[in-house]
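*Asks:* Dock chain B against chain A, hints included.
The primary structure of each chain is shown beneath.
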Amino acid sequence: KAGVTQTPRYLIKTRGQQVTLSCSPISGHRSVSWYQQTPGQGLQFLFEYFSETQRNKGNFPGRFSGRQFSNSRSEMNVSTLELGDSALYLCASSVQTPPNNEQFFGPGTRLTVL
Amino acid sequence: SQQGEEDPQALSIQEGENATMNCSYKTSINNLQWYRQNSGRGLVHLILIRSNEREKHSGRLRVTLDTSKKSSSLLITASRAADTASYFCATLTYNQGGKLIFGQGTELSVKP
Chain A
1 KAGVTQTPRY
11 LIKTRGQQVT
21 LSCSPISGHR
31 SVSWYQQTPG
41 QGLQFLFEYF
51 SETQRNKGNF
61 PGRFSGRQFS
71 NSRSEMNVST
81 LELGDSALYL
91 CASSVQTPPN
101 NEQFFGPGTR
111 LTVL
Chain B
115 SQQGEEDPQA
125 LSIQEGENAT
135 MNCSYKTSIN
145 NLQWYRQNSG
155 RGLVHLILIR
165 SNEREKHSGR
175 LRVTLDTSKK
185 SSSLLITASR
195 AADTASYFCA
205 TLTYNQGGKL
215 IFGQGTELSV
225 KP
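For the protein sequence lines, the chains are A and B, in the order given. So in my numbering, spot 42 of the first sequence is number 42, and the numbers just go up one at a time. So in my numbering, spot 29 of the second sequence is number 143, and the numbers just go up one at a time.
One chain only, chain A, in its complex shape:
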């Protein structure tokens, strides 16, 4: 089975621009979660989707949004980029809504905002 894939792997943007990141979960997985990883704040939860519905949201400003499609693929969008948005963005998928489900992480998208 193919693992979680994320595209693009690397991205460079300038302040004020917007960006869309994509995540394809493992086949058969219906739950997708997104995390932001920075040296200062560590790994922080962004949001979780299950069957196209956002089930949970972290403490991030409204510039961060996401969605999930009927095939379980998910996208996250960041508008009006700030320097502090530079981070590794990770998505994870699981068979169904946790708990007690292992979450499988993708390789991440490294976003640099100049």
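To be clear, the hints were calculated from the coordinates, so they are not data collected in a lab. Hints are not guaranteed to be accurate.
[As the list claims (entries may be wrong)] Derived SDA-like pairs: lysine to any residue, alpha-carbon spacing no greater than 20 angstroms straight-line:
#	chain 1	residue 1	chain 2	residue 2
1	B	225	B	166
2	A	13	A	113
3	A	57	A	101
4	B	183	B	121
5	B	140	A	41
6	A	13	A	38
7	B	183	B	166
8	B	140	A	44
9	A	57	B	208
10	B	140	A	59
11	A	57	B	211
12	B	170	B	134
13	A	57	B	144
14	A	13	A	83
15	B	170	B	197
16	B	184	B	123
17	B	184	B	152
18	B	140	A	58
19	B	140	B	211
20	A	57	B	141
21	B	183	B	122
22	B	170	A	102
23	A	57	B	207
24	B	184	B	121
25	B	225	B	122
26	B	225	B	131
27	B	140	B	167
28	A	13	A	111
29	B	140	A	42
30	B	183	B	163
31	A	57	B	209
32	B	170	B	160
33	B	170	A	101
34	A	57	A	75
35	A	57	B	210
All figures in this text were calculated on a predicted structure; none of them were measured in a lab.
*Replies:* Chain B only, in chain A's frame:
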């Protein structure tokens, strides 16, 4: 916000030695998971321990959970250079769906 803290922040050992990492958390949990990350890449799931379990083994890994102290430890026995990575604990709390709350991680360096 981080659920807990990991200790030590960095650990350097020789191949063949055991490595122990500790994790403390703040709220009641459903389960606790340990992940490994190599050089800023994706996270690899190592082991999950439920709140009603006290110890779990997987190959060279041994995880303990003490819910009364809100703490967990990860032991890697007979470490190898390939174990060099950052290790994170993550907790899943009740009624929070799949929201994992991660610790700051322990950076393990295993020297050949």
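*Asks:* Work down the list of hints and note, for each, if the structure agrees.
*Replies:* Hints and how they fare:
| no. | hint | in the structure |
| --- | --- | --- |
| 1 | B:225 with B:166 | violated (36 angstroms) |
| 2 | A:13 with A:113 | holds (5 angstroms) |
| 3 | A:57 with A:101 | holds (19 angstroms) |
| 4 | B:183 with B:121 | holds (15 angstroms) |
| 5 | B:140 with A:41 | holds (17 angstroms) |
| 6 | A:13 with A:38 | holds (17 angstroms) |
| 7 | B:183 with B:166 | holds (14 angstroms) |
| 8 | B:140 with A:44 | holds (16 angstroms) |
| 9 | A:57 with B:208 | holds (15 angstroms) |
| 10 | B:140 with A:59 | holds (18 angstroms) |
| 11 | A:57 with B:211 | holds (10 angstroms) |
| 12 | B:170 with B:134 | holds (14 angstroms) |
| 13 | A:57 with B:144 | holds (19 angstroms) |
| 14 | A:13 with A:83 | holds (10 angstroms) |
| 15 | B:170 with B:197 | holds (19 angstroms) |
| 16 | B:184 with B:123 | holds (18 angstroms) |
| 17 | B:184 with B:152 | violated (27 angstroms) |
| 18 | B:140 with A:58 | holds (18 angstroms) |
| 19 | B:140 with B:211 | holds (18 angstroms) |
| 20 | A:57 with B:141 | holds (18 angstroms) |
| 21 | B:183 with B:122 | holds (17 angstroms) |
| 22 | B:170 with A:102 | holds (15 angstroms) |
| 23 | A:57 with B:207 | holds (14 angstroms) |
| 24 | B:184 with B:121 | holds (14 angstroms) |
| 25 | B:225 with B:122 | holds (17 angstroms) |
| 26 | B:225 with B:131 | holds (10 angstroms) |
| 27 | B:140 with B:167 | holds (18 angstroms) |
| 28 | A:13 with A:111 | holds (8 angstroms) |
| 29 | B:140 with A:42 | holds (17 angstroms) |
| 30 | B:183 with B:163 | holds (15 angstroms) |
| 31 | A:57 with B:209 | holds (13 angstroms) |
| 32 | B:170 with B:160 | holds (11 angstroms) |
| 33 | B:170 with A:101 | holds (16 angstroms) |
| 34 | A:57 with A:75 | holds (14 angstroms) |
| 35 | A:57 with B:210 | holds (10 angstroms) |
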